Amino acid sequence: MMREYKDKQNVQAKSYYTDRYWVAPRVPTFEASSDEEFGAVLESLKENFTVNEAYIQLKHLVININPEDNKAVLTHLYKELGYGRLMELSAMDWIAKSGEFEVFYEMLNIDKAKRIRVKCFIKENQAIESVQDVFRLANFAEREMYDMLGVKVNNHPFMKRILMPDDWHGHPLRKTYPLQGDEAASWYEVDKIFGKEARDIIGPEIRDGAAIDRYDTERFARLGHEVKFGEEYSSEKTEQSYQEEEGVFLVRKLHKDDTKTVTDRDR
Amino acid sequence: MAQHKVNYTENGGLPVALTTVDKLVNWGRSNSLWALTYGLACCGIEMMATGASRYDFDRFGTIFRASPRQAEVMVVAGTLTKKHAEFIRRLYDQMAEPKWVISMGSCANTGGMFNTYATVQGADRVIPVDLYLPGCAPRPETLQYALMMLQKKIRSEGANKSQRPKRLV
Numbered sequence: 026m027m028r029e030y031k032d033k034q035n036v037q038a039k040s041y042y043t044d045r046y047w048v049a050p051r052v053p054t055f056e057a058s059s060d061e062e063f064g065a066v067l068e069s070l071k072e073n074f075t076v077n078e079a080y081i082q083l084k085h086l087v088i089n090i091n092p093e094d095n096k097a098v099l100t101h102l103y104k105e106l107g108y109g110r111l112m113e114l115s116a117m118d119w120i121a122k123s124g125e126f127e128v129f130y131e132m133l134n135i136d137k138a139k140r141i142r143v144k145c146f147i148k149e150n151q152a153i154e155s156v157q158d159v160f161r162l163a164n165f166a167e168r169e170m171y172d173m174l175g176v177k178v179n180n181h182p183f184m185k186r187i188l189m190p191d192d193w194h195g196h197p198l199r200k201t202y203p204l205q206g207d208e209a210a211s212w213y214e215v216d217k218i219f220g221k222e223a224r225d226i227i228g229p230e231i232r233d234g235a236a237i238d239r240y241d242t243e244r245f246a247r248l249g250h251e252v253k254f255g256e257e258y259s260s261e262k263t264e265q266s267y268q269e270e271e272g273v274f275l276v277r278k279l280h281k282d283d284t285k286t287v288t289d290r291d292r
Numbered sequence: 076m077a078q079h080k081v082n083y084t085e086n087g088g089l090p091v092a093l094t095t096v097d098k099l100v101n102w103g104r105s106n107s108l109w110a111l112t113y114g115l116a117c118c119g120i121e122m123m124a125t126g127a128s129r130y131d132f133d134r135f136g137t138i139f140r141a142s143p144r145q146a147e148v149m150v151v152a153g154t155l156t157k158k159h160a161e162f163i164r165r166l167y168d169q170m171a172e173p174k175w176v177i178s179m180g181s182c183a184n185t186g187g188m189f190n191t192y193a194t195v196q197g198a199d200r201v202i203p204v205d206l207y208l209p210g211c212a213p214r215p216e217t218l219q220y221a222l223m224m225l226q227k228k229i230r231s232e233g234a235n236k237s238q239r240p241k242r243l244v
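Chains as they are written, first to last, in the working numbering: chain W, 26 to 292; chain X, 76 to 244.
One chain only, chain W, in its complex shape (with noise of 0.2 Å):
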């Protein structure tokens, strides 16, 4: 077996810090049986379907199931075993780890105060069983699973985007997704609006928070210096004042110095 290659050559600008000792923490896990409501919930799903993996974590129990039983795994925490709220429905992206997404669904049951998380895993561009029809909360949820990452869903009423624009390309919440947008999305209100034509015109978006150009007279104003848009940069100091030096037409001229500070807040 060989090594994995490391290129060395950059060995002295790097870091002398790395994490290789650092262990992640790991949440404490436990048996379902350990909890009464837990282990019965478990026996009773293990009768019906098959549970791959079972545990309880952070006072939830997390299931894991197969993606095709979602629906029916749902109903019957629902109308058998009392919990009849789903309060959360979305995924994960694991692509780049398993080639997979995770869907995951918080279930909340009220009178136990006990929660479940159903999860399972579906591939790519394998899709999932809708529960709008036994949860009304996962009509919104399932759209913006999909909206956000692609993650198909049979069986929904309305498919729809709900928070992108429907012309929008691409899925924001996957992880290969830039934060900055990719190409499309730079350009999308300039293609929109003025068409492609005007992307010369208007120019790429400043990404560069720090960017400053004083002699940038259209998109910066130096303080103290302001000219007016689009003109020469001057070194000229500019004084600030809200009303023209001769005063306005039938508008008296305020003279700083005229004024009167009142110290008195109680007056």
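For the record, the hints were derived by calculation from the structure and aren't laboratory data.
Check the hints yourself; a few may be wrong.
[To be verified] Here are the simulated BS3-like pairs of lysine-lysine, each with C-alpha atoms no more than 25 Å apart in a straight line:
| # | chain 1 | residue 1 | chain 2 | residue 2 |
| --- | --- | --- | --- | --- |
| 1 | W | 96 | W | 217 |
| 2 | X | 174 | W | 281 |
| 3 | W | 253 | X | 158 |
| 4 | W | 217 | X | 158 |
| 5 | X | 228 | W | 278 |
[What the hints assert, rightly or not] Some residues of chain W that are not near chain X, with every Cβ distance over 12 Å (derived):
| # | residue |
| --- | --- |
| 6 | 64 |
| 7 | 104 |
| 8 | 142 |
| 9 | 155 |
| 10 | 205 |
| 11 | 219 |
| 12 | 245 |
| 13 | 257 |
[Stated by the list, open to error] The following label-pair restraints were derived from C-beta to C-beta distances:
| # | chain 1 | residue 1 | chain 2 | residue 2 | range |
| --- | --- | --- | --- | --- | --- |
| 14 | X | 223 | W | 209 | 39 to 45 Å |
| 15 | W | 268 | X | 133 | 36 to 42 Å |
| 16 | X | 142 | W | 117 | 21 to 27 Å |
| 17 | W | 240 | X | 117 | 31 to 37 Å |
| 18 | W | 279 | X | 133 | 16 to 22 Å |
Note that the coordinates shown come from a computational prediction; the quantities given were computed from them, not determined experimentally.
The beta-carbon is built from N, C-alpha and C at its ideal position, and this holds for glycine as well.
Let chain W serve as the given structure and place chain X on it in line with the hints.
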């Protein structure tokens, strides 16, 4: 009952003021700037505070209107998202000439802290802006000052100047 008290012998004679049409028109325009209610995010709260009784925009002749047809100045108060960009452009186009735009707060100026895929990096990519107002969010006094600066700008240009097409149009 009321006595007519104009004394024609004082103040240099007749109560007549001489001025130019430009000055007269701009005087009217700058003191009746009706603003389009355009609160997009938290800056909108400051804009509302400026319009309310404590800071009282009405003193400047600025009354918030809910229709672009009745508005002269658009105060872009808040984060402009890419989804919303086409609507701000449409509302700007619907405003009658002459019209001005105040870009209020960091988000409307440059995208601000939202250096993300979904935020327009400055409202001036979509509509021409007359006045950039820094702050996150600017205090109501700052918006008042911005309005006074805009009034000063209006008074300094010719009465027909704002009819000329601006940048991006």
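Could one say that the CB atoms of residue 268/W and residue 133/X fall in the range 36 to 42 Å? violated (19 Å)
Return holds or violated for the Cβ distance of residue 279/W and residue 133/X against the range 16 to 22 Å. holds (19 Å)
Hinted pair, alpha-carbon criterion (25 Å max): residue 96/W, residue 217/W. Please report holds or violated. Distance ~40 Å between residue 96/W and residue 217/W Cα, so the pair is violated.
Compare the distance between the alpha carbons of residue 174/X and residue 281/W with 25 Å, and conclude whether the hinted pair is satisfied. Answer violated: residue 174/X to residue 281/W is near 31 Å, above 25 Å.
Taking the Cβ atom of residue 223/X and the Cβ atom of residue 209/W, is their distance within the range 39 to 45 Å? Given a distance of about 42 Å, which is inside 39 to 45 Å, the answer is holds.
For the pair supplied as a hint, residue 228/X and residue 278/W, confirm whether the alpha-carbon distance does not exceed 25 Å. holds (16 Å)
Non-interface claim for residue 155/W versus chain X (Cβ beyond 12 Å): The claim holds: residue 155/W sits with its nearest Cβ about 25 Å from chain X, beyond 12 Å.
Given the proposed pairing of residue 253/W with residue 158/X, does the C-alpha separation stay at or below 25 Å? Violated: residue 253/W and residue 158/X sit about 31 Å apart, past 25 Å.
Taking only the CA atoms, is the gap from residue 217/W to residue 158/X under or equal to 25 Å? With a Cα-Cα distance of about 10 Å, the restraint between residue 217/W and residue 158/X holds, given a limit of 25 Å.
Beyond 12 Å on every Cβ pair: is that true for residue 257/W relative to chain X? holds (17 Å)
Going by Cβ atoms, does residue 142/W stay more than 12 Å from chain X at every point? holds (28 Å)
Take a quick look at residue 64/W and tell me if its Cβ sits farther than 12 Å from every Cβ on chain X, holds or violated. The assertion about residue 64/W holds, with a minimum of 45 Å to chain X.
Hint check: violations occur at hints 1, 2, 3, 10, 11, 12, 15, 16; the rest are consistent with the structure.
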